[in-house]
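Counting in the numbering used here, the sequence shown runs from 60 upward without gaps.
Since the hints were made in silico from the structure, they are not lab data. Check the hints yourself; a few may be wrong.
Capping the alpha-carbon separation at 25 Å, the derived lysine-lysine pairs in DSS-like fashion look like this [as the list claims (entries may be wrong)]:
no., residue 1, residue 2
1, Lys97, Lys107
2, Lys61, Lys121
3, Lys102, Lys121
What follows is a list of derived Cβ distance ranges for each label pair [claimed, not checked]:
no., residue 1, residue 2, range
4, Gly90, Glu69, 20 to 26 Å
5, Arg89, Arg65, 21 to 27 Å
6, Ser138, Glu78, 19 to 25 Å
7, Leu63, Glu142, 36 to 42 Å
8, Gly127, Lys102, 23 to 29 Å
9, Glu62, Arg85, 21 to 27 Å
10, Met60, Leu113, 30 to 36 Å
11, Leu67, Glu105, 32 to 38 Å
12, Arg94, Glu62, 41 to 47 Å
Owing to the predicted nature of the structure, the values given are computational and were not obtained by experimental measurement. C-beta: ideal position from N, C-alpha, C; glycine also.
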Amino acid sequence: MKELVRYLLENLYLDFQGEITLDTVRQFLRGDESREAKQLLAKLIEDKGVDDLLITLADCLKEHIRTGINEQTVREQLSLYSES
60 MKELVRYLLE
70 NLYLDFQGEI
80 TLDTVRQFLR
90 GDESREAKQL
100 LAKLIEDKGV
110 DDLLITLADC
120 LKEHIRTGIN
130 EQTVREQLSL
140 YSES
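Starting from the given sequences, assemble the full structure and let the hints guide the process.
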(Lines of atoms letter the chains of each structure in order from A and count residues from 1; the text may use other names and numbers.)
(Lines give C-alpha, C1' and ligand atoms only; values in the text may rest on other atoms or scores of the structure.)
Protein backbone atom coordinates (compact mmCIF):
# COMPACT_ATOMS: atom_id res chain seq x y z
CA MET A 1 0.00 0.00 0.00
CA LYS A 2 2.85 2.33 0.87
CA GLU A 3 4.40 1.99 -2.59
CA LEU A 4 1.05 2.56 -4.28
CA VAL A 5 0.45 5.75 -2.32
CA ARG A 6 3.98 6.97 -3.15
CA TYR A 7 3.45 6.20 -6.82
CA LEU A 8 0.09 7.95 -6.92
CA LEU A 9 1.45 11.06 -5.20
CA GLU A 10 4.44 11.20 -7.52
CA ASN A 11 2.25 10.88 -10.60
CA LEU A 12 -0.59 13.13 -9.53
CA TYR A 13 -1.58 15.61 -12.18
CA LEU A 14 -2.41 19.14 -11.04
CA ASP A 15 -4.30 21.45 -13.37
CA PHE A 16 -6.36 24.63 -13.22
CA GLN A 17 -9.94 24.62 -14.43
CA GLY A 18 -11.34 27.48 -16.44
CA GLU A 19 -9.55 29.69 -18.88
CA ILE A 20 -7.14 32.30 -17.64
CA THR A 21 -5.52 34.78 -19.97
CA LEU A 22 -3.15 37.68 -19.57
CA ASP A 23 -6.17 40.00 -19.61
CA THR A 24 -7.78 37.97 -16.82
CA VAL A 25 -4.62 38.29 -14.73
CA ARG A 26 -4.56 42.03 -15.40
CA GLN A 27 -8.13 42.28 -14.09
CA PHE A 28 -7.21 40.36 -10.93
CA LEU A 29 -4.17 42.57 -10.35
CA ARG A 30 -5.95 45.84 -11.18
CA GLY A 31 -5.55 48.18 -8.26
CA ASP A 32 -2.75 46.11 -6.72
CA GLU A 33 0.23 48.46 -6.64
CA SER A 34 2.52 46.03 -4.82
CA ARG A 35 5.98 45.30 -6.17
CA GLU A 36 5.02 41.64 -6.30
CA ALA A 37 2.02 42.27 -8.58
CA LYS A 38 3.98 44.57 -10.88
CA GLN A 39 6.85 42.09 -11.13
CA LEU A 40 4.51 39.20 -11.96
CA LEU A 41 2.69 41.20 -14.63
CA ALA A 42 6.01 42.27 -16.19
CA LYS A 43 7.15 38.63 -16.28
CA LEU A 44 3.89 37.52 -17.93
CA ILE A 45 4.18 40.26 -20.55
CA GLU A 46 7.78 39.20 -21.21
CA ASP A 47 6.62 35.57 -21.53
CA LYS A 48 3.79 36.68 -23.86
CA GLY A 49 1.05 35.03 -21.80
CA VAL A 50 0.26 32.83 -18.84
CA ASP A 51 0.94 29.36 -20.28
CA ASP A 52 4.45 29.06 -18.82
CA LEU A 53 3.23 30.39 -15.48
CA LEU A 54 0.44 27.82 -15.20
CA ILE A 55 2.68 24.90 -16.14
CA THR A 56 5.43 26.02 -13.77
CA LEU A 57 3.00 26.75 -10.95
CA ALA A 58 1.31 23.35 -11.26
CA ASP A 59 4.70 21.59 -11.25
CA CYS A 60 5.91 23.52 -8.21
CA LEU A 61 2.68 23.14 -6.26
CA LYS A 62 2.78 19.40 -6.85
CA GLU A 63 5.77 19.29 -4.50
CA HIS A 64 3.56 20.71 -1.71
CA ILE A 65 0.68 18.25 -2.01
CA ARG A 66 1.90 16.16 0.90
CA THR A 67 2.27 19.15 3.21
CA GLY A 68 -0.64 21.16 1.85
CA ILE A 69 -1.26 23.90 -0.65
CA ASN A 70 -2.58 27.14 0.76
CA GLU A 71 -2.65 30.83 -0.15
CA GLN A 72 0.84 31.41 1.22
CA THR A 73 2.28 28.53 -0.79
CA VAL A 74 0.73 29.83 -4.01
CA ARG A 75 1.92 33.39 -3.28
CA GLU A 76 5.48 32.14 -2.68
CA GLN A 77 5.46 30.18 -5.94
CA LEU A 78 4.12 33.17 -7.91
CA SER A 79 6.90 35.33 -6.45
CA LEU A 80 9.56 32.77 -7.31
CA TYR A 81 8.20 32.54 -10.86
CA SER A 82 8.17 36.29 -11.38
CA GLU A 83 11.74 36.56 -10.10
CA SER A 84 13.04 33.87 -12.46
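Hint check for Lys102 and Gly127 - Cβ pair distance inside 23 to 29 Å: At 26 Å between Cβs, range holds.
Pairwise beta carbon distance, Met60 to Leu113, judged against the given window 30 to 36 Å: 33 Å, holds
Straight-line alpha-carbon gap Lys102 to Lys121, limit 25 Å: 22 Å, holds
Outcome for the supplied range 32 to 38 Å, where the beta carbon pair is Leu67 and Glu105: The hint (32 to 38 Å, Cβ to Cβ) holds, given that Leu67 and Glu105 are roughly 36 Å apart.
Hint check for Arg85 and Glu62 - Cβ pair distance inside 21 to 27 Å: Distance hint for Glu62, Arg85 is violated at roughly 45 Å.
Pair hint Lys61 and Lys121, alpha-carbon separation not exceeding 25 Å: Satisfied, since the Cα-Cα distance of roughly 19 Å is no more than 25 Å.
Hint check for Glu62 and Arg94 - Cβ pair distance inside 41 to 47 Å: 45 Å, holds
36 to 42 Å as the expected CB spacing between Glu142 and Leu63, which holds or is violated: This hint holds: roughly 37 Å between Cβ atoms.
Range agreement (Cβ of Glu69 with Cβ of Gly90, hint 20 to 26 Å): 40 Å, violated
Range agreement (Cβ of Glu78 with Cβ of Ser138, hint 19 to 25 Å): 24 Å, holds
Lys97 paired with Lys107 [C-alpha distance capped at 25 Å]: OK: Lys97 and Lys107 at ~15 Å, within 25 Å.
CB-CB spacing for Arg65 and Arg89 relative to the 21 to 27 Å hint: 43 Å, violated
Hint violations for this structure: numbers 4, 5, 9, all remaining hints satisfied.
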